[in-house]
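There are 2 protein chains.
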Amino acid sequence: MKTKPPASEARFAYEGLDRVIHERARLSVLTSLVTHPKGLAFNHLKQLCGLTDGNLSRHLSVLEKDKIVEIIKMQDHNRPLTLCRITTSGRARYVEYLSTLEQVVRDAAHAASVKSSSNPARSPSASRA
Amino acid sequence: MKTKPPASEARFAYEGLDRVIHERARLSVLTSLVTHPKGLAFNHLKQLCGLTDGNLSRHLSVLEKDKIVEIIKMQDHNRPLTLCRITTSGRARYVEYLSTLEQVVRDAAHAASVKSSSNPARSPSASRA
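Taken in order, these protein sequences are the chains called A and B. Reminder that position 41 of the first sequence reads as 41 in our numbering, one-by-one numbering, no gaps. Reminder that position 94 of the second sequence reads as 94 in our numbering, one-by-one numbering, no gaps.
Treat the hints as calculated values from the structure; they're not laboratory data. Note that beta-carbon positions come from the ideal geometry of N, C-alpha and C, so glycine has one too. A few of these clues could be false.
[Stated by the list, open to error] Part of the chain B face toward chain A, derived, beta carbon under 10 Å:
#1 Leu17
#2 Val29
#3 Thr31
#4 His36
#5 Ala41
#6 Gln47
#7 Cys49
#8 Gly50
#9 Ile71
#10 Ile72
#11 Gln75
#12 Tyr94
#13 Leu101
#14 Val105
#15 Ala111
I would like the entire structure built from these sequences, with the hints used as guidance.
Given below as C-alpha cells:
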C-alpha cells in the first residue's frame with residue numbers, strides 16, 4: 001500500500017505540531033514571548049534565545065508573515081527600539097500547538113516510566129553509566 | 001552586538017532539542033517506537049505515524065545512520081517483514097530530548113495559565129469564540 005493511511009489510524013501522527021511553530025529557534029522565540037505577554041526588546045529576546053541578530057530577524061519575519069508576532073519599531077530616549085510581541089491569534093495558535101506537545105510528552109513519559117520500572121538494569125540512565 | 005550570547009543567559013534557547021529527533025515526522029516515529037520497545041513492523045509504524053512508504057523510509061535512514069533505530073529484515077511465514085526498533089543509545093538520546101521538551105511545556109503552560117487567570121476576557125479560548 002503506497003497511499004497515506006487515514007488520520008484516524010495515525011495515533012502518533014501529531015498533526016497539531018504546526019511546522020511554523022515547531023522549528024527549534026521559533027519555538028524558543030515564541031516560548032519567550034508567551035511568557036512575556038507585554039513584549040520583549042529585540043536585543044533581550046536575542047539573548048534569551050541564544051540567537052544571532054540575523055537568525056532572530058529571519059525567524060521573526062516568518063512569524064510576522066503569519067501574523068503570529070508583531071514587530072513595533074519605536075524610540076526610547078531618542079534611541080531606536082524594536083519591540084517584539086506575540087499577537088492574540090498567535091497566542092491561540094501557540095496554545096493549540098502546546099496541547100499536541102503535551103500529548104507527545106504524556107505518550108513518551110508514560111512509556112519511559114513503564115520501561116524504567118519494569119527493567120531498571122536497562123533504563124536509559126543505567127545504560128549511560 | 002553581533003555575536004551569539006553565552007548559553008548561560010539564553011534561558012529559552014532549549015539547546016537540548018536535538019534536531020535529529022525534533023523534526024515532526026521523526027518525533028512521531030520515535031514516540032511510536034519508544035512506546036513499543038519490542039519494535040514495530042514497517043507497515044504498522046507507517047500507519048501509526050500517518051506517513052507514506054517513501055517518507056518513513058527516508059526518516060528511518062536518518063535515524064539509522066545516527067544509530068537511534070535499528071532496521072531488521074526478517075521472514076514471517078515466508079513473507080518479508082521489516083522490523084523497526086529503537087536502540088538502547090537511541091532511547092537514552094530520546095529521553096534526554098524529552099527532558100528539554102518537558103521544560104518547554106512547563107515554561108509555556110505556566111505562562112498560559114497565569115495569563116488566562118489574570119485576564120480571562122483575553123484568554124486564548126475566549127479570543128477564538
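Hints, one by one, checked against the model:
no. : hint   : result
1   : Leu17  : holds (5 Å)
2   : Val29  : holds (8 Å)
3   : Thr31  : holds (5 Å)
4   : His36  : holds (8 Å)
5   : Ala41  : violated (13 Å)
6   : Gln47  : holds (5 Å)
7   : Cys49  : holds (5 Å)
8   : Gly50  : holds (3 Å)
9   : Ile71  : violated (18 Å)
10  : Ile72  : violated (18 Å)
11  : Gln75  : violated (20 Å)
12  : Tyr94  : holds (7 Å)
13  : Leu101 : holds (6 Å)
14  : Val105 : holds (6 Å)
15  : Ala111 : holds (4 Å)
Hint compliance for this structure: hints 5, 9, 10 and 11 are broken, all remaining hints hold.
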